[in-house]
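Colleague: Sequence:
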Amino acid sequence: MNSNEKLKELLEDARNNVDFYKSRIPNNISLFNTAYEIKDLLCQLPIVDKAIIKSNYLSFISNTLKKDRLTDLLRMEKHLSSEIQFSVADKTLWIEYTSGTSGTPFLSIKSMQERFQLARSLWKLRRNACPTRLRGIINFNNPEEHRQFTKQVGNENGDQNKLYKELECLANSNYEMWLMNSSKLDNYKAVLQDKPLMFPKLKIIENGGSFITKEEQAEFEELFKCPVSNYYGCTEVWAIAYSCQYKYLHLAEDTVCFELVDTQGNVITEPNKIGYVVLTSYNQKIMPFIRYRLDDMAYYVKGRCQCHANERRIELVPNRNMILGTNLYGNRYFRNVILKLVTVYRITKFKLITVVQIEKCKFIVNITQNGEEPEVIEEKFIQASNLVFGSNEYTFIFTYDDDLKAKSIFTLSKALLKNLTSL
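So the sequence shown is residues 19 to 441, counted in my numbering.
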């Protein structure tokens with residue numbers, strides 16, 4: 019089934035079974051046959067986001083389910099686990115939770131078959147980056163798997179001083195692929211700079227956290243002696259794009275209809291023009307995501323990639339991760355601040371540091387599970403910042419909220435994001 023057939027089938031199902039789309043998709047959709055007609059119909063549908071879906075979850079969930087069973091589940095706050103398996107009638111379903119940078123729970127529902135199809139698409143992208151068959155995989159982005167690993171090596175508290183034990187365990191393991199985020203990679207990098215190790219079985223590292231630049235990918239590849247790929251995805255639809263050996267992001271076009279739109283919602287098709295990411299997942303019908311807008315921005319890369327893959331390529335634009343008033347990528351610079359905090363000033367008794375910009379030169383710095391004297395860690399953080407930025411113009415407000423969760427080290431506050439009205 020080609021992409022147009024998948025899209026038509028999805029829209030027909032949504033028209034028949036999903037309340038939000040019953041009056042928005044025409045009754046005669048079965049008569050729409052050409053690629054142009056189907057794509058034109060899609061473009062006439064409203065763009066939705068988390069706020070719209072959260073305002074009435076049930077209107078976005080298929081009527082093929084018995085929704086009285088779902089009502090209580092939808093009221094639940096985010097669980098310690100990132101997903102819950104449950105049954106409705108004869109269907110095995112999964113609720114997957116995400117909190118994003120806001121910390122506000124948001125959920126999506128998928129069937130077992132839908133998850134299988136999404137996983138198959140992701141593995142297709144992975145094989146483009148690493149053609150060899152991978153036998154051993156460890157997923158540090160899975161909280162339970164990460165916990166089991168750190169328990170095995172005796173570092174359940176995430177102690178920075180014991181990270182070398184984790185690396186020694188990995189060096190002696192049969193894991194050929196590591197799934198992790200950039201913060202974990204940076205922590206390992208800080209340790210390996212003083213005590214290098216070889217990882218003979220390691221074939222590829224997949225960064226599934228905040229985006230890292232091509233330059234950062236190259237630095238990690240030199241350190242770990244293997245390819246490092248960027249996985250661009252979200253909990254709602256899973257894989258969106260994956261980087262190849264030439265470090266370009268290729269779209270997962272067999273499972274996702276990818277659009278870019280401007281601030282007025284007009285579709286962008288030409289290369290090198292920045293727009294907001296809008297997604298339609300072909301295979302998700304239990305809770306369809308049709309013209310679902312993320313906060314991410316990107317542009318199409320012109321031409322075909324040197325890797326010869328047919329999928330379109332995109333470059334992400336770090337709009338919400340760019341330090342306002344500069345052209346500096348905040349995640350990268352504040353990761354370097356944290357690295358200096360650890361390696362230069364030997365400040366290690368904390369779990370996580372996140373930074374939110376609230377004004378042009380003012381930031382809130384939250385330190386999770388801090389074991390240092392507040393005056394000391396704050397003083398050293400400011401000193402490390404002055405070293406990295408070569409300036410002391412920034413002001414920092416420090417907080418210690420252990421419940422705060424964030425996907426990336428740095429982001430702009432909601433108030434600043436609202437003011438970014440032009441591209």
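Where hints are given, some of them may not hold.
What the hints assert, rightly or not - Computed list of lysine-lysine pairs in PhoX-like fashion (alpha-carbon distance at most 25 Å, straight line):
#	residue 1	residue 2
1	K26	K57
2	K432	K180
3	K358	K243
4	K213	K243
5	K291	K320
6	K72	K303
7	K142	K40
8	K26	K68
9	K232	K219
10	K367	K398
11	K432	K380
12	K57	K84
13	K26	K207
14	K40	K180
15	K84	K40
16	K180	K423
17	K24	K109
18	K202	K358
19	K142	K180
20	K24	K380
21	K423	K378
22	K202	K221
23	K142	K26
24	K202	K378
25	K423	K72
26	K221	K142
27	K367	K183
28	K232	K142
29	K320	K142
30	K213	K358
31	K202	K232
32	K303	K320
33	K109	K367
34	K423	K207
35	K142	K169
36	K57	K221
37	K207	K183
38	K369	K213
These aren't lab readings, by the way, just hints derived from the structure by calculation.
Colleague: What are the numbers of the hints the structure violates, in ascending order?
Modeller: Hint check: 2, 7, 12, 13, 14, 19, 20, 24, 32, 33, 35 and 36 fail, others pass.
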